Amino acid sequence: MLFSLASLILLFGPFVKKNTPWALISSLGFLLAYFLLLSQKHGSIDPSLLFSINILEDMSSNFIRHFSLGMGLYFSLLFWRDCQTENAFETFALIMFLVTGCSIVGISNDLVVLFLGLELISIPTYVLLYLHGKKDLAAESAMKYFFLSIFSSGLVLLGFSYLYGIVGTTNISAISDALCNGYRFKPAADLDNSSGLLFLIPMLAILAGLGFKISMVPFHFYAPDVYQGTTYRMCALLATVSKVAGFAAIVRIFGFALAQGALPGSSKTLDNIYVLFWILSAVTMTIGTILGLLQRNLRRILAYSSISHSGYILAGIAVAPKLELATGLDGIGASFFYLIAYFFGTFGIFAVLDVLDTKEKPIEDWDDLAGIGSQTPLLAICLAVFLFSLIGIPFTGGFLAKFFIVFGCVSVPYTWDDALSEGTHNLFFLLGIIAFLNAAVGSWIYLRILSGIYFKPAIWPRVFNTSFRPSYLPIIACLLIILVLGIKPNLVFNLNILKGMAHPVNSVSLSGIDIPKSAEIDVVFKRQ
Amino acid sequence: MSQLVLLLLLVPLAGGLVTLFLRNSGYEFARKLALGFFLLNLFISLKLTWDYLPLLEKHAVSVDEKLTFVPLNVSVTVFDLIRFQAPQEGRPDAGAIRFFIGVDGLNLFLLPLTCILFAGSVLATWNSIREKSHLYYGLMLLLQFSTIGAFLSFDVILFYAFFELTLIPLLFLIAMWGGPNRQYAAKKLFVYTLGGGLATLLGIIGLVSSLNQNHLDDNTDLPITFSIPELITSSHDTQMGLNKKVYEAKTDKDLLNPLIKSNLETNKARLDYWASSQKWIFLLLATGFLVKLPAFPFHTWQPTAYYEAPTGVTLVLGGILAKLGAFGFLRLCVPLLPVAAWELGTYLFSVLAMIAILYGAACAIAQDDLKRMLAYSSFSHLGFCLLGIFALNETGLTGSYLQMINHGLNVGALFFICEILSHRYGTTKFKDLQGLGSKLKILSGISVFYVMCSVGLPGLNGFVGEVMCLFGMFESKNPNITGKVIASICSLGMVFGAWYLISMVMKVFFGKLSEPVFKKEDSVSDLTLIEKFFLFPMAVLCLILGIYPQPMIDTIRPEIHLIAKLNLQANNLLPFGKLDK
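Chains A and B, in that order, are what the protein sequence lines are. Per our numbering, the very first residue in the first sequence carries number 19; after that it's consecutive. Per our numbering, the very first residue in the second sequence carries number 707; after that it's consecutive.
Derived by calculation from the structure, the hints in this document are not laboratory data. As the structure is a prediction and not an experimental result, all values here were calculated from the model. Where a beta carbon is used, it is the ideal one built from N, C-alpha and C, also for glycine. A portion of the hints provided could be inaccurate.
[Claimed, not checked] Not the full set, but computed from the structure, chain B residues with beta-carbon under 8 Å of chain A:
1) Tyr-866
2) Leu-871
3) Leu-908
Excised from the complex, chain A in its bound form (with noise of 0.2 Å):
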């Protein structure tokens, strides 16, 4: 397993002292991972194996694993240049323990493996941020981030420990199950509106702390303070991987209530969870927009579009239940489209942004970028692309993924005689247009931070190392994913591994030995 691998490189990490060779022997061990990830047939987990219940292979958790190895990949050639530092086996054995954190979420199927997976990501995040802080912020933005982010854990466990309790176990394919054709462990109970209710209340607590991951409204709050207190790169950090994690959380823990068509008719319970997320979708883009629209700091900026952009994903979440298969659309694997594209788009940004904060002129607000589009004309196309991509520009991924997201919740199905699915097309339609007025309105978010880099004359003259870094190569990369998302996804990925990937309780049966023998899996990530 993966994940076994990358744990043992890690298991040496810390002991040897030298410093420099630990960003090369990460990236390997990505590399080296990632090749595993692929030669490994579909389905070869041992069902006879200590964990193999804990664990489930589909579609979204061989998404994820492939999505979080290339993520580690990403990072340790972006954090490359720490390794001077004399923290550097630190830093690159927790990426390692944040990447491994990130695969677990997206395999586990059991709520103890899956919240081992949330903190095997958290905890390393509190040392990064205090290791990579800015002096004096440092401090304030680990504690602030510490502490709300042991309160979401806190909620998450709750929620946890809650659901043991209604339903007797911690597996999520048997939990589900129990949810959707009544209780298997505790048959006295009867399946009604007030067992409905009772389900509501870990929902509830887990979406909060899983809330806080995604940065969704109202657990947005930390978001930008944790961002201004912190490097470029540890933001690119925050504002991915966490974000990767939780909405992989989100998927599999509501997978049963989220699945299109699934499940017909077979549940009641939680039935109209979707509204729950439509507003938090709508509330999340919104309030990211108007705040994003009164800063001037750049990492605020950023902090308030990254909690926009969860809110534009969670549209793509609140529309998946009503959506049909048949059309080839999907609502989940929307969000996931739109998660890669913010992904490439937000980590390019942090990126370069990285490349161009030095000491001796650190970029703190927009207008601190003035001059840039002449100085490093080919860092600044770079950062103007990714920009266009938040803004959703044609042709880069970013138009494609709101495309897809908006496409989603406007074809939602109705018979023109029937008031509720016409009332809840309509519902989608609005959420459509929220999303788009959005859109227009945050694109002048951007076109500030773009205004600096090309038509603000320069400050002061700057000069730039122009050697080669290593993180070039992760920034080229997703300059040209990010083009390739926007003119023909299909290059970069299979857009047939998104569809279908909220069916964790179809063929599971209670045992758990029955991995679901879902479609070959004809992926795959290539990513170069």
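The hints should help you fit chain B onto chain A, whose structure is shown.
Here is chain B on its own, set in the frame of chain A:
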């Protein structure tokens, strides 16, 4: 021919990318290279038009048969970009966004117009762009690429993508080379047009997904399609099917049968439902085009952007990019949603057009600056385009198309002249420039000619388009008297047009000479060779189009006829016996 079409798109793209990276070669090389690319593209577009003409008759037959836009078969390039569903038998368009470009009557003449005006824009700014000229010309080429792409697209999403892509070069062009308030103007333009564009995208998505649902039969779904011809067919079939079910002659005996009666009522409800959803979609779709045009409630970005933009860009903005809005109405809104076009068009959009014409003219009268006045005059003249489109008959649609071409030529030339003046004198204010006719004789002569074209002097090109738009509106099949009233009021617009344009000529070119205090080293000269090279052939073109526009009208007739016919049929204005589909 498909290679030619593809080349037309790829030459500016390649040229743009090459020019963008010419960092150290100086402005002279960059402008020559850019002009080379533009002239090459002009040549390609003219060759394309020349090749198209012999195929016209066959094309007309196939358009009439299929009752939808048909890109000329030999001109089509098509491949999949993004596929949602596996392709179906006989329907390669189902479930995929495709790269689908081609030429038909509707975009044919807009292509050479684009090429002419872009080449003209380079000539206009031949001497005034010295800083970062490689970026300027590279962005201009990219702007041409996206404009031509939008004209050529036969896939809604591709159309939208190119339509929206025009914003990026525009943003940089205005914000980096514009006037003193350029950044504000550029960002305002960007946010306005992006917002309008996103509304259009929402309309497109709404249209595609509502046509995915079968309105005639609940049990089956139609394939998702993004191809404009297939969408038109699908929309038309839906409308005609519903119309037939509802309006088909029924005997009194039939109506006594409860089953038939309840069926009829269901179908009526369906028809109403489809009509009302069409209206919403139409409004969304139209928003983006109204912003781009610009038309009345969404025009506030226009004066600032036109004024602040470098004149070469203003020329392209007014001459070509505004036409994208009108083209969007002709290509998407009207043929796709005929019922909504009829209901909203006669009351809402033709009134908007009327307001644009009169309000634009009134604003133009009040301006004290040549460039600003031309911006408002362009706003006013484009109102005629909108007016002609929403007459929804062949006369009006033809007039609107001619107005698009003619206005492009006229306004292009007038902005060119404006750039000549501003380059020589550094100002375009009326109070600084007076009586130039005694000094710049050739310039004055040619300016008066173009002003007359723009005013709509019979025999010159401006006349044909505007008058046909007015005639169209006058004879529109509107049951009430609205069409006639609106047409009568709008004809005042021509009077106002004559007022402000001729008084401009009086001020600037006639009377006592009064030049601004001079700052530049070189003395003011009359037209240079380069300027003559643009202005004189254009004048000949304007004259030809004014005296003998018939060949152009004949060439676009199949498409215009199609749009009008789709409308008449869908709105049930033809008796059922005569329906051929």
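Problem set entry | Tyr-866 (chain B) as chain A interface residue, shortest Cβ-Cβ below 8 Å | holds (7 Å)
For this session: Mind checking the CB of Leu-871 (chain B) against every CB in chain A and telling me if the closest is under 8 Å?
Result: holds (5 Å)
Problem set entry | chain A contact restraint on Leu-908 (chain B) - CB to CB distance below 8 Å | holds (6 Å)
Checked against the numbered hints above, the structure breaks none of them.
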